[in-house]
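All chains should be modelled from the sequences, with the hints used to inform the complete structure.
Spelled out from the first residue to the last, the chains are:
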Amino acid sequence: MLEFFRSSAVRVALAFVFATTVATTAVFALVYFQIGEANEARNRLILEAEAAKSVNRPVDELKGAFEVRLTHDLRRIDFAALFDSNRKFMFGNIEQLPAVAVDGKAHYIAGVRARDRDDLEPAIFVARARPDGNIMLLGRSLLESYAYRRIVQRALAAGLVPMLLLALGIGAYFARRSSRRLTAIHDTIARIMKGDTDLRLPIGSRHDPIAQISRDVNLMLDEIGRLLVQLKGVGDNIAHDLRSPLAVVHAQLERGLESSSDEQLRTVVKQALAHIDKAMLTVAALLRLSDVEYGPKSRNFQSIDLSAICADLFEFYEPLAESKSIRMTLETQSPVQIDGDGDLMREAVSNLIGNAIKFTPENGSVSISVACEDGLPVVRIRDSGIGVEPAERDKIFQRFYRTSSGHRVPGSGLGLSIAGAIANLHELDLRFNDNNPGAVFELVGRRR
Amino acid sequence: MTDKAEAHAQTIVLVEDEQAMADEIKGELESKGYLVRPASIAQAADAARVGDAAMMIMDRIVFGEDSLVTLEALRKEGVKVPVLVISALSSVDEKVKGLKAGGDDYLTKPFAMVELSARVEAMLRRLDDVRTTKLHVGDLEMDLIEKTVHRGSNRIELLPREFRLLEYFLRHPGRVITRAMLLQEVWQYHFSLETNVVDVHISNLRKKIDTRGAPSLIVNIRGAGFMLNANA
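Just so you know, the sequences run in chain order A and B.
With the first letter of the first sequence counted as 1, position 356 gets the number 356 in my numbering; the numbers rise by one all the way through.
If you want my numbering, it's the position in the second sequence, counting the first as 1, plus 448.
None of these hints come from the bench; they were simulated from the model.
Take the hints with a grain of salt, since some may be wrong.
[Said to hold, decoys possible] Subject to a maximum C-alpha distance of 20 Å in a straight line, what follows is the list of computed SDA-like cross-link-like pairs (lysine to any residue):
{"id": "1", "chain 1": "B", "residue 1": "K548", "chain 2": "A", "residue 2": "G342"}
{"id": "2", "chain 1": "B", "residue 1": "K656", "chain 2": "B", "residue 2": "Y616"}
{"id": "3", "chain 1": "A", "residue 1": "K278", "chain 2": "B", "residue 2": "E563"}
{"id": "4", "chain 1": "B", "residue 1": "K474", "chain 2": "A", "residue 2": "S244"}
{"id": "5", "chain 1": "B", "residue 1": "K474", "chain 2": "B", "residue 2": "I509"}
{"id": "6", "chain 1": "B", "residue 1": "K480", "chain 2": "A", "residue 2": "Q252"}
{"id": "7", "chain 1": "B", "residue 1": "K480", "chain 2": "A", "residue 2": "V249"}
{"id": "8", "chain 1": "B", "residue 1": "K545", "chain 2": "A", "residue 2": "N300"}
{"id": "9", "chain 1": "B", "residue 1": "K474", "chain 2": "A", "residue 2": "L253"}
{"id": "10", "chain 1": "A", "residue 1": "K324", "chain 2": "B", "residue 2": "N652"}
{"id": "11", "chain 1": "B", "residue 1": "K545", "chain 2": "A", "residue 2": "S290"}
{"id": "12", "chain 1": "A", "residue 1": "K53", "chain 2": "A", "residue 2": "R128"}
Everything numeric in this text was worked out from a predicted model, so none of it was measured.
Have a look at this one:
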C-alpha cells in the first residue's frame, strides 16, 4: 500500500486532486460569501435607516405601520415589535426582546423565534429607544440567504466529491498501469543481472517516456553485450593462441629432458615443466569455462538423476577421503530427476566434492546429500574444513579467485566458476553457506 | 610380406595445419618408432581407403575445414582405420560429436605429448578380441566371465570399479596409461581433475594385487601416468 502511494503517477494524481479542490472551493467560497455578506450588509443599512426614521412616530401610527408591514411580508422575513421601558412585549411578531444592545445599530442573532413561526432562524436586529421610553425592534430574517448558502454548499459537495473520486480513480488506474510496467522492467533487470544477458526490457505499444527509456536501455544492453563478447573474444583468443605454444614448449622440454644427462639442467627443466603444466591446466580450464558459458545453448538435455550422479562420485572420491582420514557420507533418497547433461553435472559436482576434500584437514568430515525440498532439487556438499572468511564469500565465485587460506592448495582457481556456469546452464543456483566450521555448497533448483 | 604389413601397421597419417604442433607430434611419435606421414584431409582419406595407414590423427579444423565431415564419409564407406581426433573444441558436446562421427578417441588441446603417444599406443595395440575370456600378466589371471581375479592360487576380491581398472591395465600391458585415459575409459568422466583421486585408486588396487616384497605390477611413469609391468 505504501508502495502504491510512492508511485509517481499516484502522486501526480493526488497533487491534481488537491489543486482542483482548492480552486473549486475558492470559487464556491467566493459565491458563498458574496451571497451572505452582500445581502446582510444591505439589510443592516436599511434596518438602521428605517429604525431612525420611525423612532419618533406615535405608538398608534407605529402599530399600524407594523401591521401593514407584517401583512405585506409575504416572504416572512421581517420582524417588527415594540416593547415598553420594562422590556415587556406590547405588539409585533416577536414576544421576547432578543439580546441586542439598544443602540440603533444592526446586530446579528443566531437563533430567534417569531411569534407565528416554529423554527429558530438567524436574523439581524436593530433595537432603538424611543423618546417615550419604549423600545422599538426591527429585524430581518437571514433564513433565505442562509438557504442560498446551503444550496451553494450542496452544489460544492455535489461537484467536488465525484470529481475527487474520479481524479483518484484515474490516478490509481494510471498508477497501476505504470507500476505494472515498472515491475516488469524491474524483474527483467533483476534477471539480466543474474546472468540472463540476452533478455531485453519490455517496450509495449505506447509511445511514452517509459517506453523511450526502455528502448534506450535496450540499446545500451546491446552495446554492453557486444563489448562483453568482444572482451570475451580477446580473452578466449589469448587462451586459444597460448595452447599450441604451450604444448610445443612442453613437448620440447620433455624431449630435452630425455636427451640430457646434466643433472642441474634436468632440475631446471623439470621445474619449468611443472609450471607449464600449471599454465596448461589454467588455459584448459579457461576454455572449458568459456565453452560452458558461451557454448551452444541447444545442448541435448535429457532426464538425469542427481542421486545416481552423486552416488557415482561418492564412490569415486571415497578412497581419496579415506587416504586423508576424512569421514565421507552420502545421503540420497529416491531419484531426483532434472533435465540436463549428465557429463556436465558430474563435472560440476565433482569440482565441489574435490574442493570439499581439498580444503578439509585430516580427520574431518564431508557429507553429500541429494534431496527434493519444496519440490526443488537440492545437492548439498558439507565439509568441516577451513571454510570461507565472511569478507571473501562474495568473491569465491569470481574467476581466478583464491581464498587467502586456500592459496597453498594447488588448482586453477576456476573450479567454482565452472561449477557455477554449469549450474546456471541447468537453472540451478550455486550457493555458499557457513557450516561452522567449514563450508556448505548447495546446488538448488530455481523456482519458476 | 610380414615385414611390409608391419611397416604399414606403423604408419600414422597426421592431419594438422599448425606447423609447430605437427612437428612436435611427428617428433614424439617417431621417437616411439612410428612412421608419421603429414597429409591434407583429402590425402589422408585416400590413404585410409587403400589401407595405407595403421591409424590417423586428425585435427578437428584444418584450414577452416571440419575434418569430421570426411571422417563420417569414410566410416560410411566402411573404412575402419582407427582415428584419434584432436581439437581445440573442448566441450563434451564436441567430444560426443567427434566420437559419433567415427573417431575412436578425442583429445583436447592443449595436451602433453605423453598423453598423445599413450593414446596412440593404446589404440594400435588394443586387445579388442571379444572372444577373450581370460587376461594374464605374470601369475595374475583375470576371468572376464566369472569376474574373478587370482594371483597364483590366491583369489583376490575386487570391487567392481577396481575390477574394471585392472581389466583396463591388463588389456594394455606394457603401455603408458595416463590419468586422463583412466578417467575416460574406467569412469567415463570427460573432464579433468585437480585432485589425485586416480592415484589413490591405483594405490588401493596395488595393495590388493601385489605380493609383499615383490615389485609392483603397476608402476608409476613420471610425468605421464602408469604402466602394467608386462614382464612381471
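**Q.** Those earlier numbered hints the structure runs against, lowest number first
**A.** none
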